[in-house]
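Undergrad: The chain contents come next:
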Amino acid sequence: MSLKRREFLGAGAALTTAALLPSAAFAADTIKLGSILDTSGIFDAYGKPMDQATRLAIAEINANGGLLGREVEIIDYDTQSDMALYSQYAQKLTRQDRVDVVHGGILSASREAIRQTMRKTDTLYFYNVQYEGGVCDRNIFVTGVTPTQQVEVLVPYAMKKSGPKVYILAADYNYGQITARWIQKFVEDNGGEVVATDFFPLDVSDFGSTITKIQQVSPDLVVAPLVGGAHLSFFRQWAAAGMNTKIPLASTTMGVGNEHKVLTSAEGDGIMVAYNYSQELDTPENKAFKEKWKAAYGDTNGIHELAVSTYQGIMLWAEGVKKAGTVDRDPVIEALETGVSIVGPAGNIAIDPQTHHATLDVHIMEVEDQKMKVVETLNQVAPVDTQAVCNLQENPDDNTQYEIEI
Amino acid sequence: MERSAKRDVVVTLIVSAILIAVMPMLIGTYTLTVLVIYGMLGLSLGLIWGFGGILCFGQAAFFGLGAYVYAIAAVNIGESTLPMILAVLLPGAFAAVLGAVMFYGRLTDVYLGVITLVVTLILFKFINSTAGPQYVIGDARLGGFNGIPGFQTLNVPGDSGAYIWGDAYFYVCAVALVIVFLLVTWLLRSSFGRIAIGIRENETRMALIGYDVAARKTVLFAIGAAIAGLAGALFANWAEIVTPNLFSLGQSAEIIIWCIVGGLGTRLGPIVGAAGLAYLKFLLGQQSMIDNTLIMGLVLVIFVLFLPRGLVPAVGSLWHASVGRTARRRPANRRMRRARHG
Amino acid sequence: MAETVLETAGLTMRFGGVTASDNVDFKLKARELRCLIGPNGAGKSTFFKCVTGLLTPSEGHVFMRGQEVTGWMPHQVASLGVGIKTQTPNVMDALSVHENIWLAARRFFTPVEAVARTDDVIDRLALGSIARTDLGQLAHGERQRVELGLVVVTDPWLVLLDEPAAGMSAADVDRMTGIILEMTRSAAVVIVEHDMQFIRSIAETVTVFHQGAVLMEDHVDRVMTDETVRRVYLGKKA
Amino acid sequence: MDISFVILVEMLYAIASLVLISAGLAVVFGMMKVINLAHGEFMMMGGYATITAVGLGVNVFIAMLIVAPLVVGLIGLVVERLVIRHLYGRLVDTMLATWGLSLVFIGLATMIFGNTTTGISTPIPGFTVGAYQINGYNFFIIVMAVVLVIALYAVLKGTRAGLIARGTMQRSDMAAALGYSPDRIYMATFFFGSALSGLAGAILAPLVGLVPTSGGAYIAKAFITVIAGGPSLIAGLVSSATSFGLVNQIFTFAVSPVIGEVALLIAAVILLRAMPQGITSRFFKGKL
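Those protein sequences? They're chains S, Y, W and D, same order as listed.
Residue numbers are given in our numbering: position 106 of the first sequence equals residue 106, and the series is strictly consecutive.
Residue numbers are given in our numbering: position 120 of the second sequence equals residue 120, and the series is strictly consecutive.
Residue numbers are given in our numbering: position 100 of the third sequence equals residue 100, and the series is strictly consecutive.
Residue numbers are given in our numbering: position 125 of the fourth sequence equals residue 125, and the series is strictly consecutive.
Take the hints with a grain of salt, since some may be wrong.
[Stated by the list, open to error] Straight line, CA to CA, 30 Å or less: simulated BS3-like cross-link-like pairs of lysine-lysine:
id: 1; chain 1: S; residue 1: K32; chain 2: S; residue 2: K160
id: 2; chain 1: S; residue 1: K120; chain 2: Y; residue 2: K281
id: 3; chain 1: S; residue 1: K32; chain 2: Y; residue 2: K125
id: 4; chain 1: S; residue 1: K246; chain 2: S; residue 2: K213
id: 5; chain 1: S; residue 1: K294; chain 2: S; residue 2: K32
id: 6; chain 1: S; residue 1: K322; chain 2: S; residue 2: K287
id: 7; chain 1: Y; residue 1: K125; chain 2: S; residue 2: K185
id: 8; chain 1: S; residue 1: K213; chain 2: Y; residue 2: K125
Hint data in this document are derived by calculation from the structure and do not stem from the laboratory.
Note that the structure is a prediction, hence the values are computed from the model and not measured.
My request is simple: use the sequences and hints to build the entire structure.
TA: See the structure below:
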């Protein structure tokens, strides 16, 4: 285990050096891309692959001649899973380093900690993470999936396979709360009934009593937007009690941090999920991406949804810059608002001009043998939850995170 | 004594004026601001632990409480003056109640540590589980894990449109720290402070002299909490978001580490420790060779083993040894006494 | 007739199954000097702790100058003007002699007055040469003397001393005898003590404890010659 | 009927896991008056030792019951020699130093294993009681806790080492007076305590995902349980684990897991306020 780790550090370091080496072919001044991620501390399982994806994307851009003939330089800070450091480094990136764009932030709290700084300093900001939706701010672009994009397709599929009585177990923070409400809406829209909803703070790891409670209610389906390492024990304890063969499970989060690779196949098999990306996607773009990743980091174990979102986010930004012919904020925003799109490892992804969120493909998948097997693909799903509350074309000065009322 | 007190004030003012003028040239004011705020937080624990012998494992609770009180009040009021005052008073009042419960219950040393730790955990767990829309105070959603963003930040009293931010905010925080430092100095020179030190040294004796030890510890505890609350409110203004992490055990741990590294039983030590280590952490975030947690851990272990009195006293005795004056007395080591009564 | 400054009625203290103090009736008049003696475990110290508030008695009452103080906290008892010295030296080790005594004085006097009184006591107890030394660096006898200083400086009307002569040199004991005798000009003094020589040199009335209860109470000479006392205490000791 | 059985099992499980979580800390605290704040990280390392051993092909029970305690015991030994030894008699300093150590271990584990959640699946299948499925592993934990308590009792009561240990617990200078080097005894105790922590971490690893920061979830609970237990080692451990476990589960079932945790913490505050020196300072006095 330790050996693998060393190899990958070595490869990462080599790549970094390559990316940072000035090349004679480039114009003198570089384009500065600020990256702000937790690459240590409790959230580094999300942050490290995102950091690797950032480097991969920039290395690729530079290898293809940079942007506008200029080299792209990464200025990155490790926020150590500490919200106070987010504020500090955001200030440093925008005021001292004067970067042209910032990609980063993982938790919603970290995004909110830096979003206003980006706005005040007119620094374009990309948040490349699946989140609860509703952020309406002309300065930010979001390339991750939002609840409706997953829930709208996942819930009917799962209910069709099981039945109308649904039990919801959600992480107790705003992502979980909002997603639970969306699940409830779509369960009811599809003629089902939510029999109970339980919320768990992120540090709860003992689900014994909950599993007993679920059995008392005996639903047809359990939908579990649970988040993080502690919550992973739910899936394990669920299987240990032998429930995994009795009541089907669906989740909007299991697998975002490659959790399905931690569970054994006996524990994970059959869990239904819906994401933008799966390593098992059989497209030429994905294959090429995985090979590039493997060449840089030794193996593809680290790739997950958020890493791919990050990669696609950077590529979308690069596309916008090319189209605008400059890295200045306003022209780039206008260029992106024309509905710029790229074909990334997860398929076609386009900027939705109304919300600055992304229209993308969503794949319904089932966990099978520690892999995500694609069952059904829905092309170009729009972020309808955010569209319902946010219209940046009409109100470009909006600066709120809407909480969606259902 | 009067003359040395005056000299102390003058020296403090001159040194801090120089620092306030020079430091922004070395470190960005934004980062400096948080170092100053952490310094104040360190001082709050340094006061009650170093001079009152109260080891609080939950100083972060008062820091977080101050930040949340400020945020909630600011959302509701929309002007920052009253929220600032509340952010000092409420944590102080909370600590007074908690302190009275503990000290009149004759809880000491490790048991005191457990209670403060548990109270911090309760607050953390509570705030962390308030993501639902039903947790509202006035117009302020508590927001659970995600915290409260977007509240009114510090403004010129009376004019809610005149924000104090950027460099100006740094000067506000720095001056606040100097004022708190001088107040702490004055407190420690007063009878109250000297009696507190007596209590740190020997509770039973002080009780047998006729001092109400529990009441005095409660008051000192509340003062420490009020300072931590002020630091919390200043932090909320700086970060423009408050999250439950402010209450976390990790945060409490850091405060304790600051005091140890800086030097307990000194006024300056905890401030130096806090600012120094927070800056170290900031610098470490810009490298990825060694895990940062590992370094912080090593620093703590090494200090406990080799420099248990902390930096400031060590440097102080070096200075005094070379200048030829006797070093000021400090508690030789951190003891936690079992209560001798009962 | 002099006022009764300290009185206990049926004072009883039990620890689990052990009765450490058994129905003790005790009276002390103003400016009286009384020694409490008895073999180890006779209940002297328990009695002492019940009176000073360090322990709350299981039964019975304690009165000081007619006021009931049963179950009071030590600081409340001390605040009445009672000076207390416990068995083991109880001082502030990291503070100087001057600071220690000043803290005691400050309880009853203004800061300025406290300084004056502290200086005065330091003179009276001949502590001048070590006034600025930390207690932690002093010898045992000196520490005992400083602790006596803490008691004297508050001008108490009742002084309770638990084994003040323990571990002291003969010269130190002599000096302390003088201090205690001086105290009796204005205060009633209770001394719990083992050292018979010291008691002989200072005491008039002696109360003998045995198995938690008062065995006898009489003039020191008569106590010394009493058969029962000799049997339970002196006989074994000698 | 079935449901009451299921709930009974859950309650016993809650108590048993508290006993397991706290045992290592209790032994070290009871014998040496040292609070090892790296206790949670010792558990975390026990978990990683198990997972690594299983990955290398070791039988899961051998990995949990033998490999993990040994590995963590040895780490404990090194820690004792390098750090704790210098700090005996300085309660606060040992707490701070072990706190620092806990950060060091988190850092090391992160560098070695990464911060991704890992784990192994439970080696015991679930089974059915009437209409309910029960996690079979819960029984294993209950049995292990009972065995642990009985073994502790037997060792302390029935062996020569136990006699010395009890002597040391009552008076630390006793062992020296009997001619045993306290240094050796402390070393052995710390080894034993660390091994117990490693064992607990190993046993709990299959139930919960493991990350380098996992220890943090345990230390507070263990600390509270041990302190609330008071001076008697086994009686304190069992009585406080029982009180807290019951309170926790009752509120968990009645309301939610969060309220269960909060109820446990509030119970701790009330308990310590009422009995400032712990449960066994008032009840079960003088018991082991």
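Undergrad: Just pull the numbers of the violated hints for me, sorted ascending.
TA: 1 and 3
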